[in-house]
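S.K.: With the hints as constraints, model all of the structure from the sequences given.
Just so you know, the sequences run in chain order C and F.
Going by my numbering, the first residue of the first sequence is number 1, and it counts up by one from there.
Going by my numbering, the first residue of the second sequence is number 1095, and it counts up by one from there.
SDA-like, lysine to any residue: derived pairs with alpha carbons at most 20 Å apart:
no. : chain 1 : residue 1 : chain 2 : residue 2
1   : C       : 270       : F       : 1445
2   : C       : 551       : F       : 1218
3   : F       : 1364      : F       : 1218
4   : C       : 505       : C       : 517
5   : C       : 844       : C       : 811
6   : F       : 1183      : C       : 474
7   : C       : 270       : F       : 1452
8   : F       : 1311      : F       : 1301
9   : F       : 1183      : C       : 450
10  : C       : 1004      : C       : 1038
11  : C       : 433       : C       : 367
12  : C       : 270       : C       : 224
13  : F       : 1183      : C       : 291
14  : C       : 551       : F       : 1212
15  : F       : 1183      : C       : 457
16  : C       : 76        : C       : 105
17  : C       : 270       : C       : 139
18  : C       : 505       : F       : 1099
19  : C       : 270       : F       : 1449
20  : C       : 1004      : C       : 1039
21  : C       : 505       : F       : 1212
22  : F       : 1183      : C       : 463
23  : C       : 1093      : C       : 1083
24  : C       : 551       : C       : 643
25  : F       : 1183      : C       : 473
26  : F       : 1269      : F       : 1308
27  : F       : 1183      : C       : 449
28  : F       : 1311      : F       : 1262
29  : F       : 1183      : C       : 456
30  : F       : 1255      : F       : 1328
31  : C       : 551       : C       : 563
32  : C       : 3         : C       : 226
33  : F       : 1255      : F       : 1301
34  : F       : 1183      : C       : 467
35  : F       : 1183      : C       : 290
36  : C       : 551       : C       : 564
37  : F       : 1183      : C       : 453
38  : C       : 505       : F       : 1113
39  : C       : 821       : C       : 897
40  : F       : 1183      : C       : 293
These aren't lab readings, by the way, just hints derived from the structure by calculation.
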Amino acid sequence: MPKRTDLRSILLIGSGPIVIGQGAEFDYSGTQAARALREEGYRVILVNSNPATIMTDPEVADRTYIEPVTAEWVEKIIAKERPDALLPTMGGQTGLNVAMELYRTGVLEKYGVELIGANERAIRVAEDRDEFAKAMRRIGLATPEGTTVTSVEEGLAGVERTGYPAILRPSFTLGGTGGGIAYNREEFEAMLRRGLEASPVGSVLVERSIIGWKEFELELMRDGADNVVIVCSIENIDPMGVHTGDSVTVAPAMTLSDREYQVMRDAACKIIREVGVEAGGCNVQFAVDPETGEQLVIEMNPRVSRSSALASKATGFPIARIGTKVAVGYRLDELPNDITRTTPASFEPVLDYVVVKIPRFAFEKFPAADPGLTTQMKSVGEVMAIGRTFKEAFQKGFRGLEIGRSGWVVGETLADDRLEDGAIESILAAIRKPTPERLFQVKRALLRDVPVETIADRTRIDPWFLHQLAELVEAEREFGREWSTGRSNGGPADGVERALIDRMKRMGFSDRQLADLAGITETEMRHRRQALGLRPGFKMVDTCAGEFPSKTPYLYSSYDEENEAEAKGDKTVIILGSGPNRIGQGVEFDYCCVRAAMAFREAGFRTVMVNSNPETVSTDFDMSDGLYFEPLTLEDVLEIVHLEKPLGVVVQFGGQTPLRLARGLEAEGVPILGTSPEAIDAAEDRGRFELLARELGVEQPRNGTALTLDDALAVATEIGYPVLIRPSYVLGGRAMQIVYDAESLAEFFGAAMRVAPGHPVLIDQFLEDAFEADVDAIADGQRCVIGGVMQHIEDAGIHSGDSACVMPPYLITEDQVAEMKEHTRRFALKLGVVGLMNVQYAVKNGRVYVLEVNPRASRTIPFVSKTTGVPLASLAARVMGGETLESLGVAEDVAHPYVSVKEAVFPFSKFPGVDLLLGPEMRSTGEVMGIADSFGMAFAKAQISVDGSLPLGGSIFVTVNDTDKPAVVAIARRFHEMGFRIKATEGTARYLRARGVPADRVLKVHEGRPNPVDLIVSGQIQLLLNTPLGKLTKRDDYILRRAALQHRVPYTTTMTAAAAACDAIIALRSRTGEVRPLQEWHEMTRAFMAESKA
Amino acid sequence: MNGRPAFVLLEDGTWYSGTTTHEAGPAFGEVVFTTNLTGYQETFTDPSYIGQIVVMTAPMIGNYGINNGDMESERPQVAGVVVRELARKHSNWRATGSLSGWLAEAGIPVIEGVDTRRLTRHIRERGAMRGLIGAGAGPTPELKAELLRSPSMEGLDLASKAGTREPYGETGGGKGPHVVAIDFGMKRNIVRMLALAGCRVTVVPCDTTPEAIRARKPDGLFLSNGPGDPGALGYAISNIRELAGAGLPTFGICLGHQLLGWAFGGHTVKMPYGHRGGNHPVKDLLSGRVLITSQNHGFAVAGSTTDGVLGGPDLEVTHLNLNDGTVEGIRHKSLPVFAVQYHPEAAPGPHDAFPHFQQFMDLMGA
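M.R.: So, in structure tokens, the structure goes:
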């Protein structure tokens, strides 16, 4: 069965912005799918609202639509492009839901579009909890007892039968949004209401709790000839009750005997057939009773998922790629195994290594959020580590997590491990509740000689894993003892020391861990180890445990005997990736790394990628000439450098992660390509930067630094309040605060100090009501070209990553833009930037201030490139490789004749109890882009991409603080003129009426009912304009904003955003939104540039 | 926690260091690797592994201990075990003991800490060869010499030692067809699967004469798996030719498959490093379907899809290994006779090929 020739063009739906539960893994799958389809000669039409992705690069698809991923907008694309088929399985839950809606509303039938990969029935059976349970019964498989309910009353009746604790799973949501574990009736009712709201079909499955059972997952693939293979088994260390995305997981499964595994395999094969995934992948989750081995089927996803991304990277079997090929008709045995290239894809990968995945959380950004881990996913990223043994992989995973731990080590303080005191009872109480710190608490318990059985009883973690961990603790003790014995005898003999270190390295201990145990510095430990000839070998991920020769250098390190990797040629460039995704450092940096790798390769270099993040395109083995799946620590990178002997290492594309390694690499004599670490330091170091700005005549906000609170108070007094305080060397505005008085300065100074101990806290004059702008530029040391100037829509004081922004600027004068460009050029040339640079400016009262200069790839590079079609990251790589901008044909600053808006996406719905107000600390997880011929329409598209819709009529509720009252009048008037009813609390209503804008008064929350929250709940408010009112009504505001979020009422919390929303609604009311592919927009830019030249 | 130094020595002189926790050996055998991720207990008790030192490519072995249900014969059969890491502690609700304790009790040498991937890659490049597991920091010249004097797998009749010496099982009564199974080192799960399919099974020693078998009035003949070189089993081959050639419905697995090949004019060849694992894709040439199969063999029936079974014009190739194109299944063109090279009874491995037992039932008209 070769590929289908009756299909010509295929529509791919992307997953939209990165949110918790739906992350960068869908860039990996969408990109693989698009490439796989084009390889077969299909015309690929792609839609995704997320610009920070490789998949939305104009080269990846034939037609690339950065448009809202909603049924309404995708229909427009279908009407225009008339694809023959739609592949719905590559864009996560979003892709699946949109495809289902297009099916239900008859759009697919109307335009004759066929669903391939998974059909409507399969999606429905898998996604609808009731139908799924029925399907499982048909094939003799058990699911946890439960009932699907559509109302609170039904739910309460249902839980009577199944009992507490009860698991709630809303239908058709991703990452378990709105779900949870209820231990009593109160919790149950609250959770059920939330779940019913969260489910787009208003139904929730209430289930018998199987908390504490072992949890497993199988990844499968089926072709149209009914051949099924299991790609990978995954075992969760955290038992049932913790979302698999939040669990530490291991591949392959560690504690299943063959008999149990085959029962599971048989079940999975039956499930994919019964659900009816005709040609594609799926995953199935199982729970296993540790006492009896009873197996229950938990759920099945008829699409690629986060787990399939992990399984792909863990095995070398490219699930999205193969899934796409079978969707267009290929049989598995007609497709080659891309790693061995001699054997077929119809096989089951076997591993001769162990893979550990560890989630990364962002609770430090949401102090009010509950850090308890439940069935609703809360992590924002993950790291994957490969080792020859579980212990090795486990330790590599923790040091790759980049949370300041050199491996599986306890925190410096009890608080770091979320403990209030160090009593054994307290630790044992703490480990009952899963949190991100639980495994560190477990280590503390083991260090206190708590028996494994006790820990197993409290945590329900399988004793096998705990014994492994206990062996690590035991090894540390032995090492410490023997090292100090050696010391007291004048230092251990070389042979003894070698054996000592070797034994620890084989268990995955980092140099820093060993150095800490031995009481020496990391550098000293590294040099001793190397002098003893102890270096890791690199082994291949080859899908077949060495049974067949492999052609693909996909490598990991291990302290084992044989090394399979070798340096190749003298034109190797190593690109350091960005590690696990986190808030402030996400998929946009992976985009830059991938573009750079592709560009270096085009320029004739051999490219080697180093990264530890399985949810990425960069860790696809065919994106570079060599892939090292390794933690991004100095130790690990130095070993790769030692082996590869590269021309240079590239640190400027992967965000702060590689940048932090630059100095260390340089100190070991490793050449850094592009902008020198010295120049990077000159820009990052506050004192040096101030001198530089002064020398270049660029104005800065008044500023100073302080190491103590007294100093800080003095500096702030001199500068004048309000001031912005922040720690040195952080990304994403960690612990950044605007403080208005000495009291709050004292409150927040300590927090800022703790983030970067030993480094001064930076204190800046805060420019209230200023406009902010970002400039992205590229330089080759001789020349600097401006890639784009973006104006932030929110005022100064909101983190640039959280602010919407627009290109070109719309409220800054041309002179000011010209001034920024000029400053940028001067900075670039003065610093000797070779590669990318980002500068942030503020404009207040007509004056331009520079806020910061970052001589590296910025978060906005993909957005700018998608807007203009100029691939800045690729050009930067070429420049770093020695070419000049002139030779690359990039001489002019880029300009484009349309408008592009970027909007941020927040995880607030995942964190009950967290306020939605924006501030200087970044909290968004992703972004969307709207592109159109007017600001209003571009902003509208961006908003629709975030919220799904914008109201075209109805009521708007306005409640703003006194400062914002003058500004709100004009906005309210425009809404009134469009026919919206204006509702407001007393003060605002009176103010508006006095200025001729009719407004209905509504009671404040604390004044009585019905209040605005009631109106939101009952659907009487379509848009909320709220700015913080001050301390007294803080609680009111908070409740209001949370209510809007929960009931999906669009809201804005700044006046500038409100004005923009108003523009957007006017645009949407006056004409229907048009869709246009990037390829056409970029053609317009090229024509525009050519015209302005002529 | 740390064992004493030990090593694996191969006949080409390469050796691999590791440690061992219990004193045993030196143990000699053919060094082979299996890529099974699970099922070490079934593997080690599979009589087909007699005379072999088994390298597990999966690095973590012993995690779920051992239990009474996963025995494929009454004791571990392997000559020795090589692993990357042997679990100190196990965890499983069925476990009755630890793997290391069980192997120690049976006197089977086990070496851990070995770079099993390096060893596997070496065997892949140079082929399976004789080897030994020895104690100490490294091999002595005496030991090297002794290794070279040890028997080689080719031409070795191990089956006669592996199977039962006395007939056992069904002697009459019951409803299902009566199958006489010739035991060359049969795995227990084969008997279980035949019984599950509805057969009455009598297991007989591998040198049982055709007369004695006919005297049991079989409805079908089953030829089991087993260790060693099929070419060395001339007596069995002629017995099979006589019985199957006379039209008795016959089903062979693994060694049984190879013997059937011989019986109808074909022959077997020694493969460079064999197939051992649970992930081998086999194409059913009649249905076009791909089965993921459990495998354990070092010899293969010579032939291909284009040439059929070399020397066996009455046989037809029905199954093919998709990795290397070797013959995985044959049937007779006119007689009710078929065989597969892989293990439909699994244990360990996937169950995709379970239907062969029903196929045998159908052949017997049951």
